[in-house]
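Chain by chain, the residues run as shown.
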Amino acid sequence: MVSLRQILFMMTAGMVVSCSRDGIMSDTPVRLVSPDKVVSLCSDTTFQGIFPEVLQCSCIQVVNDSVIVLQDQTSEINPYHFKAYSADSFDYIGPLVSRGRGPGEMLSPYMAGNDPEGKCLCLQDNAVGKAYIVDVMQSVESRKASVVHNIDLPSGIADWLPLPGSKQFVLKQEKGEFVFQTLGNNGYIYHTFHPYRDIDGERCMTHLSSILTNNRMTGEVAEAMVFLPQLNMFDSGTGRMSSVAVDAGYRKWKALLSKMINEDTREYYTGIESSPDYIFAAYKGLPLKKKREPGIGTSIHIFDWDGNFIYDIKVTEDIGDMAFDNRTKYLYCVDVPGCKIVRYSLDALL
Amino acid sequence: MKKILITSFAVAAMAIGGGVFVRTALIQSDPILEANVEALSRGESGSFGPLCSKTDRIGIYRMKSCKDCDGPIGKYAMDNVAYCN
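Protein sequence lines correspond, in order, to chains A and B.
In this text, residue positions in the first sequence follow my numbering: the first is 424, and each later residue adds one.
In this text, residue positions in the second sequence follow my numbering: the first is 342, and each later residue adds one.
Since the hints were derived computationally from the structure, they do not count as laboratory data.
Note that this is a predicted model, so its numbers are computed, not measured.
Keep in mind that the hints are not guaranteed to be accurate.
As the list claims (entries may be wrong) - 25 Å max Cα-Cα, derived PhoX-like pairs, lysine-lysine:
1. Lys713/A to Lys752/A
2. Lys567/A to Lys598/A
3. Lys752/A to Lys763/A
4. Lys395/B to Lys714/A
5. Lys395/B to Lys460/A
6. Lys714/A to Lys752/A
7. Lys713/A to Lys677/A
8. Lys737/A to Lys712/A
9. Lys395/B to Lys553/A
10. Lys677/A to Lys408/B
11. Lys752/A to Lys460/A
12. Lys677/A to Lys714/A
13. Lys737/A to Lys460/A
14. Lys682/A to Lys395/B
15. Lys408/B to Lys395/B
16. Lys395/B to Lys713/A
17. Lys712/A to Lys675/A
18. Lys737/A to Lys752/A
Stated by the list, open to error - In silico negatives: residues of chain A with every beta carbon more than 12 Å from chain B:
19. Gly446
20. Glu540
21. Asp548
22. Ala550
23. Ile580
24. Leu594
25. Lys595
26. Gln604
27. Gly610
28. His617
29. Gly624
30. Glu686
31. Pro717
32. Arg766
The C-beta atom is built at its ideal place from N, Cα and C for all residues, glycine as well.
Isolated chain A (complex conformation) (with noise of 0.2 Å):
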């Protein structure tokens, strides 16, 4: 008979083994970084960023080095999900993809970023199970949505991004479990990584919410989680799986999944951009119930590729979406309260 002393060294044991894992990830090490520096910067004040065809702005997308793209909230009198802005002189270009399911039409798309060439935008509408790689200039002429490429999404599927080398990167479902895979256009499977593999999938899909961004160059990806100080990057080439946690409350991962999101509830980040060297991440490390003070500021982070925490950079403004133009080295930003856009001149931190 098992005695009760026995019994206490088991729970003893288990709490033991259960507790030596230290961050969310399985069999993936998280590494707790410090920036090289840290700095203050003001927003571009010769930049106005007044979009008036825009009423309720939640993303940001520069287009082929040209475009500023931002997606709107629909209604009856607004049908259109995005409006293209030029990059130069901000001059309204037109409106694009209009709410239906016609021809041209869709549904409830949102940006999923450029496609690896940098020309097109991508667009994934789970609603349908479909993502459209789309020509911004061609689908304002046309006022439909001018698709070049149009791909099936398998079933399950939460998330998407293109890859260079005609490859996507998912996040899907798949018994009960959040994976990420690295997938052909033919559906073969070039990697499955397993981050949460203990984790029940559909109770930890918000709990687990997060922000996705590629590299176009080498089909690197980088995961901004919003409820853990934590950023993962997936090698889609060899199936490498790192994690940086900026904050020891990484560690808290066991106790934000066993309660209920409520506004004590912290979030972390907010938006995620990249470049072919660099990860842009804005994060508030706050309770959702300041989400609506005035002032609270944002810090936006800046990666390399390795992880490496190069800077935290404190802005004043609520910084939502991020959207980079590689060619002037301006990284724009959705400033949420005002739905206004501001930018950041990043030329001489780069």
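Got chain A sorted already, so can you dock chain B onto it with the hints?
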């Protein structure tokens, strides 16, 4: 007898602890999220979620649309949400 008493005490303490945990979780259902506590208590195997968006406003949080809880995962703003039944 002493072992049985200790074991009973431990089980009772764990039950009280579990009750306090559930109560704390329910109290934490905040107005900002307008959490559907009824849906939570009906969740199978004591689980909660998935969260769903009532406004369908685009954002960064992985959720479902409350109009289509059997549908796909989308990305929504955390501004007026509930739990799928």
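*Could you tell me which of the numbered hints above are not met by this structure, giving the numbers in increasing order?*
1, 2, 5, 6, 10, 21, 22, 23, 24, 25, 29, 30
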